[in-house]
Structure formats: C-alpha cells, structure tokens
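Number of protein chains: 2
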Amino acid sequence: MNKPSIPTLIFLNPKLNSMKINSYLFLSLFLISTTVLAQSAVREDSLVIKKIYNTALLNGKSYEWLEHLSNEIGGRLSGSLEAEKAIAYTEAELKKLGLDKVWLQPVMVPKWTRGIKEYAYIETAPGISSTVDICALGGSIATPDGGLKAEVVEVKNFEDLERLGRANIEGKIVFYNRPMQADLIRTFEAYGGCVNQRSSGAKEAVKYGAVGVIVRSMNLRQDDFPHTGNMNYGDTPVDQLIPACAISTNGANYLSNALKIKPDLKFYFKQTCRTYPDVQSYNVIGEITGSEFPDKFMVVGGHLDSWDLGDGSHDDGAGCVQSMEVLRLLKEIDYKPRHSLRVVLFMNEENGLRGGRKYAEEAKQKNETHVFALESDAGGFTPRGFSFDCDDANFKQIASWKPLFEPYYVHSFTRGGSGADIGPLKDEGIVLAGLRPDSQRYFDYHHAASDTFDAVNKRELELGGATMASLIYLMDKYGLVTK
Amino acid sequence: MNKPSIPTLIFLNPKLNSMKINSYLFLSLFLISTTVLAQSAVREDSLVIKKIYNTALLNGKSYEWLEHLSNEIGGRLSGSLEAEKAIAYTEAELKKLGLDKVWLQPVMVPKWTRGIKEYAYIETAPGISSTVDICALGGSIATPDGGLKAEVVEVKNFEDLERLGRANIEGKIVFYNRPMQADLIRTFEAYGGCVNQRSSGAKEAVKYGAVGVIVRSMNLRQDDFPHTGNMNYGDTPVDQLIPACAISTNGANYLSNALKIKPDLKFYFKQTCRTYPDVQSYNVIGEITGSEFPDKFMVVGGHLDSWDLGDGSHDDGAGCVQSMEVLRLLKEIDYKPRHSLRVVLFMNEENGLRGGRKYAEEAKQKNETHVFALESDAGGFTPRGFSFDCDDANFKQIASWKPLFEPYYVHSFTRGGSGADIGPLKDEGIVLAGLRPDSQRYFDYHHAASDTFDAVNKRELELGGATMASLIYLMDKYGLVTK
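Note that the protein sequences, when read in sequence, are chains A and B. Under our numbering, the residues of the first sequence are numbered 739 to 1221, in order. Under our numbering, the residues of the second sequence are numbered 739 to 1221, in order.
Please note that a few of the clues may not be correct.
Heads up, the list lumps identical chains together, so a pair's fine if it works in one copy or across two of them.
[Said to hold, decoys possible] In the DSBU-like style, the derived pairs of lysine-lysine whose C-alpha atoms are separated by at most 30 Å in a straight line are:
1. Lys789 with Lys1000
2. Lys1004 with Lys834
3. Lys894 with Lys789
4. Lys799 with Lys998
5. Lys1140 with Lys788
6. Lys849 with Lys789
7. Lys1134 with Lys945
8. Lys945 with Lys1000
9. Lys1000 with Lys1215
10. Lys855 with Lys833
11. Lys788 with Lys894
12. Lys839 with Lys887
13. Lys1069 with Lys998
14. Lys1140 with Lys941
It should be emphasised that the hints constitute simulated quantities derived from the structure, not laboratory data.
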C-alpha cells in the first residue's frame, strides 16, 4: 500500500534515463533507494503493530480467558482435576479461533498433593504458643501424623550449616532466613539470590542431621502469605527425607525475633502432603501453518500448570492467555504468517518441566526445525521489554526494531535467559526470548494465595500480549539472520 | 574520590613534558582530558544515584508516611478537618528531618462538602427501579431536598447537545456517556479526551434547559466506583445552576442499555453537597538552603489535598511523600545542595489550585528566583520517566543524563507538561518537570473510593521517590544551561 519509492520514479522518467549516470550517482541512488525502502518498511511495520495494539486494547480476549482459568477453574497443579479442566478449556477456546490445527500432546507428569491445610506454631514455653502461617514446599514429604516439634536453628545460607556443624543442627529444624535483597531493581535477581534455600535447603540440612526445614518466603513484602515452590531432595536416601515448609515473611521475622529472646523455643508443624505415581497429562498446542515455510516453527507459550494456593493468575495464567492472544490477534488483523506459528501451553513447569522437555524431545524426533520461541512467564504486568538468548547477528537485527516498540513504552531489549519451558528447545539455530514485564509486584503474588485474578490489571495484561504479537510478527516477517 | 584523570598523569611525567607538543597532540590531549573528565563525572553521578536508590529501597520513609496520611487521616478535601490534620502531620514530619527551614504558607481555599451519601435509581416504570452508583461532582450544587427525577437524554459530546437542541433537552437530565479511549497507550491522553464532560458538562447542558447532569466516570475499567472530580458552572447565573453527578462505568452502561429499550425512563438522584465560604488553609514547605546559590530555588512537590471518596493515596498522597522523601534521601546520603531545595506540599490542587497560585505569587513578590520545579501527581506507580517543559538547550542537557537512569528502567524523557501546582511558576528562566509513572492503572483509582493505601506498592512508590531525587541531584549539580 506504499507509494513507489523515489528511485523507481527516477528510472521511469525518460529524461533521467538519458542522463550520464556515473558510479557516484549510482551509489547515491542505491543509498537513497535502500533508505526509502527501509523507511517504507518501518512505516508498514509500525502500522501493523499499531493495529495489533489497538485490537488487543479495544477487543482483547485474554482477560476473559484468564477470568475463566482463574475464577472458574482455579489453581492448576500438575495432575490435579483443575489442570485437566484447564487443558479441556484452553483446547476448546483454541479450536474456536479457526487455527489450522489444535491438539493435545501427551506427557506424564508428577502428582503431588498438599493435603489438609498446614498448621504451625512457635512454643516459647510449655503451653505458651503462637501460630504462624506456613505451607508445605512442593515435593516435600509430610510430617509424622502427629506433626513435628523440635528446636530451631536459624541460618542464612549453606555456609552457616557447615560452620555450625552437626553438633548444633542434629535433631533440630533448620530455619533458612535469608531475605530477598530489596535494593536490586530487577526483583528476579533478588529471587535468584534466595531460591536455593527453598530448592536445596532440605537436602543440605539433612546432611547435618536436621529433622525438618523452614524457609523464609521469597517475598519482598512483609505479609502473612507463605509462598510455596518446588524443592528436591537430590540423592538423599528415601528413609532420610525430612519435611520442608515455607513461612510467611511476617512469620519469619517473628520467629527470628523470638529465637533471639528464647533460643531453645520449639517449632511445631504439621503437613500431610504426598507424592503419587506419575499421571497422564498434556501440553495444549495450536498452530497456524506457515505460508512460505510450513516446516519452520515459531513458538509462543506459557505454562498451564500453576501452584495450588492461589489461582495462578500471574504465574502463569497470564502467560497462557497472552500466548493464545498472540495467534488470535494475528488472525484478527488478517496476517498470514510465513512460518508455522504455534502456541504451546506447557504442562508442569512448576514441579518437573515435563511439558517443556516433552515438546522439545518430540520436535527433535520429528525433525521439526524450530527457529524462534517466546515465553511469557514473569507475570501479567506492564511489558517493559524482552530478554534474548541468541547470537550477535540476530540480536543486532532484533535491536534494530526497538524504535517500533517505543510508542508502547517497551524499551528494554537485553541479552539473557528466556523461559524455562522453551529452554529445552535451545539449539544453535534458534532465537529464544522471554517477555519482561515490570517486575516490582511479581513476588507479592508468586506461588502464594495472593496470586489471584484481581491482582491482574486488564490493560497491563493486554499490552503484554500485544507486545508479544508484535515481536512474533517481526520475527516472522524478517526471519532469522543466518550466518 | 576518583583517581586523577589520564592527562593529568601525562603532564606530571617529566619525560612527556620535554616532548615537542604540536597542536595536534594538544587537541588530542584536550579531547582525551574532556572525555576522561566526563567519564569520571558519569562514574561519580552513577554512584550517587545508586546510593539514592539503595537508600530509598532499603531504608525508605515514604511508604510509612503514606500509610499515616491514608489510613490514619484519610481523604483530605480542601477545608476539611482531614486536610488540617495532614498539614500538621507533614509539617511535624518535615521538622524531624533536620531541614534548614520548615513553615506553613497561608492560603485561603474553597470549602465544598459532599453531605450524606448520594443516592440514585433508574425507574423504567412506576414502582420498578434499579439503584446505580453515583457521586456528586466536586463543586456541584445539591438536588432539591426530595431529589430530582426526570427523563434522560444521552449524548457523547457538546455537539450532540447542539444537534438535539432545546426541544429535546429542556426539562431532562443530560447523560454524558463518552468513554475513555482504551487504545491510547498513555491513559492521561484518554482522560484528556473525556474530561470536558465533567468539567463543563453542566454549564453547557444548562444552556439548553437541562435540569441535571450525569457524567460517565473517567475510568478504563468496568466497575461500580463513581469517580468524582471538579466541575464549574462558568458564568451560569446562580439561580440557573443544575446538579451534576458522576455514574460508575457499570452504571453508565446499564443506563445506556436501559435507554435503548425504554427511552422515556426516569432517572432519580439525590445529593446534599454544599459550598461554604472560603477557609484558611496552608501549603507546607521545607527547605535545605543552598551552599552556593541560596537565592536560587529548586522545588519538588505534590498536592496535599485530595478528593474525599477514597483516601487519596495515589492522588496525591504518593506525590507528597515522594517529595518529602527527596529531601530526606539527599540528607541521608549527605549531599549538600548548591541551590536551595524546597519541598512544597500544595493545598487545593483538586478544586481551585489556590496553593499553587499562592506559592508562585509570593515567590514573585519576594523576588525569589526559581530555576527548577518538579511535581509528582500521576500516582505512585513504577516510574517510567519525566516530562519537561523547558527550552531546547536545557532539554538537551537533561536528555544527556538518560543513560544514568537506564539501570533503573527509567527510559522516557519527553517534552510536554509538568504539573498543575508548579504551572504558575512558569517563566522564561525555569525548567518545569513532571514525574511520569506507568499510567495503566491510574484511572482505576483516580478520584474514586478505590484510591486507597492497599492500591500502592511500596517498591513502586520508593522507586518514584528515588528517581525524583536523582533528577534533583543532577539539576542541582549541573545547574541550568543559560543562554
């Protein structure tokens, strides 16, 4: 729809054709032509992107989908009834979009259940106790039927365990109380600096004879929500496993202060969580087959499973509905992708990554060439940019698109990780990317009962989906830079 | 604290001093020297700014102040007891900071009270009615004692009034139902496109004989909160004033749909609001006197008054505590400003701007030279940048500081407006600026009962204060570019 570029007009002019065209003029014309063509492409791209954002904000579907996932279905722990319902719902919704294919990819997933609500108290003297808010960590064993009561030893890290030694730890509950670092601007960095307490706390403490583990919730706020999350026992022998729970930040501060006054206080907790044999589940996949490169795949996705305390609205209901929205938006504006575009709703990111692994494994078996994958798994907040895991040449091309995103206040294009589910697709020839929304509020909700639908703002969610669709459009249109 | 720059080292070296220094070398050294000095200044600035952010995030006071203003005091409408309490509280808190001066600047303000909770219903047939959520617009008169009941005519704008004419409007209530445009990325732009319905709707409708006005709330969400805000009757004769109220977005949709089915339905509303004679109030001012230019002033501020439906946490409790925090942070890191820095908590931005006008007026009378003013009045959300009202030379200098803000994800430096309260200071020699936080959620809360403390995230608020303090630091250190 663009007017012919200036150099074309010049060559169509017979007077100009009769000119003595020297190499200097040629070069000038070439440069002008390149510039004008580039400008017209930029104009076209910015118009397409404007259309994507307008459609998302005026006529978006993602918020309505999320409302159903969150409020009608709820938390979607792998292997749960809710996860099954979410698979059926999203498959049905994708089928309504008129994609070329929609299917379920079978994958076996772990099944862990929380059991009855956990209970804990701090006993400073016989008969004198205060309850605190805890939850079992995902993958933990239960306490004995009557609960577990023991003295507590507070540590900040694994070095503290070594320094204290078995003499000070044996028979006690280890309390990991290293808080997230509030002065880090990217809150995921602060999370990264704390999460080993949760993931490896039990297997490290058991080496010194600990009988249980309490972990300070990975939360930058002071509140009463315990935050769950995955942990693993590594190669700890089965008969030596110890139960592990998370305590709210308020509870952690209370416990830490109480220990200062009464170092021999006792902590009691009871949890009835349990691991079952693996069960059948599915990744949900929809595809628009590419017009030029049907055998080259671009993936956009999030994970459909969530923790069970809230309803998984930010983690990662948001990423799922945004990914579905990407394909819907491109269809809505009548864009025909050159590559095959797939939305993949991965199962079991939280406690196993089975869905992500399965998808990559099958892609390899079927010799499917994946050239680009984009994940949204950092909450449904205002999009700030993307992180890219790719080579220099592709990053250079992508960075050249930054001005197209500036009208939408999307400024940050960085090198770095992408997303857990698409990680297994990593290969030499692929560009991996992660949407990077504003991260300030994410850990207020992450893995906690506070991760609910009302914590998601409709516009912020929609802007994220539009930002993803715009990147997919550009990646599809320009393709990868091949060496 | 920086190492001596390279050129200094070269000149201190006797061997180099004996070199034949031609003009080319001189130029090179000059360029190197300038570059190195600039680099070292950048290094120093980035360290100071890092210290400001760290202090704000690890040891901030703004959230605690806001908690008091919001939860202990509440909505602070001009002339109310709450406004008086807020003046006393902030004055006392500023006095604790060890500033050089803290004082109250007297200013007379309008006093309008809402009265008892407003009540409205839609009557589709005698005895068949549904209540809807409304609130009086600020400055409106009351309805008659028994309320007002009339037919409704829905319009989108003032042109519709003209088109419909007196024949279709006389004796009816005019219902302005033009929604905010959701596809505008900057929500303030969408607000700007609607707000004349609220501010001038009554005075326009009365020209056609309307008996009352209902205005769709300026809210991008669908919910039940009516949003108040100021309106004025212009030069409408006192005996012709008509009452004006805001209706929630859900209520507006309901009314609009009901009108399609039953165009002659009746709308009833009752409000008992009232305007009193002006009362005494105050701007609250604190100052750190400048070490080099005590007679040149830089102002940072927000407005202490708010609407009365919520507790004014975002509008503009946030801006007040962030402005107080700017001076506290600079003291905390032991920065001695060259210019005199003032925090000004302006009274009566919402329904009169008397505080802003008074401050500028007195500054002029006292011949105080103001060189910079920064306002925060767009909510306590993640800071995205600033808007500057200044000349090219100063904007160029300010834009050169952008890289210093990038580590904090503050990317957007634009030309444009600043803030209502500092507007009256506008003069040739001054730079005016407004903090520009993320605007997506702002109109969920603006002027409504939902504008409460829990809607403010601590980190987002603190990042805003740190961003403001960083700009004030740079403006103070480098001063204005004078022609």
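Quick rundown of the hints versus the structure:
1. Lys789 with Lys1000: neither (63 Å within a copy, 37 Å between copies)
2. Lys1004 with Lys834: neither (57 Å within a copy, 42 Å between copies)
3. Lys894 with Lys789: between (51 Å within a copy, 25 Å between copies)
4. Lys799 with Lys998: between (53 Å within a copy, 26 Å between copies)
5. Lys1140 with Lys788: both (14 Å within a copy, 26 Å between copies)
6. Lys849 with Lys789: Neither. Shortest intra-copy (43 Å) and inter-copy (47 Å) distances fail the 30 Å Cα cut-off.
7. Lys1134 with Lys945: Neither: 48 Å inside a chain and 61 Å across chains, both beyond 30 Å.
8. Lys945 with Lys1000: Result: close within a single copy only, 26 Å intra versus 76 Å inter.
9. Lys1000 with Lys1215: neither (66 Å within a copy, 51 Å between copies)
10. Lys855 with Lys833: Answer is neither: 38 Å inside a copy and 49 Å across each miss the 30 Å cutoff.
11. Lys788 with Lys894: between (49 Å within a copy, 25 Å between copies)
12. Lys839 with Lys887: neither (55 Å within a copy, 57 Å between copies)
13. Lys1069 with Lys998: neither (61 Å within a copy, 33 Å between copies)
14. Lys1140 with Lys941: For Lys1140 and Lys941, the Cα distance exceeds 30 Å both inside one copy (45 Å) and across copies (46 Å).
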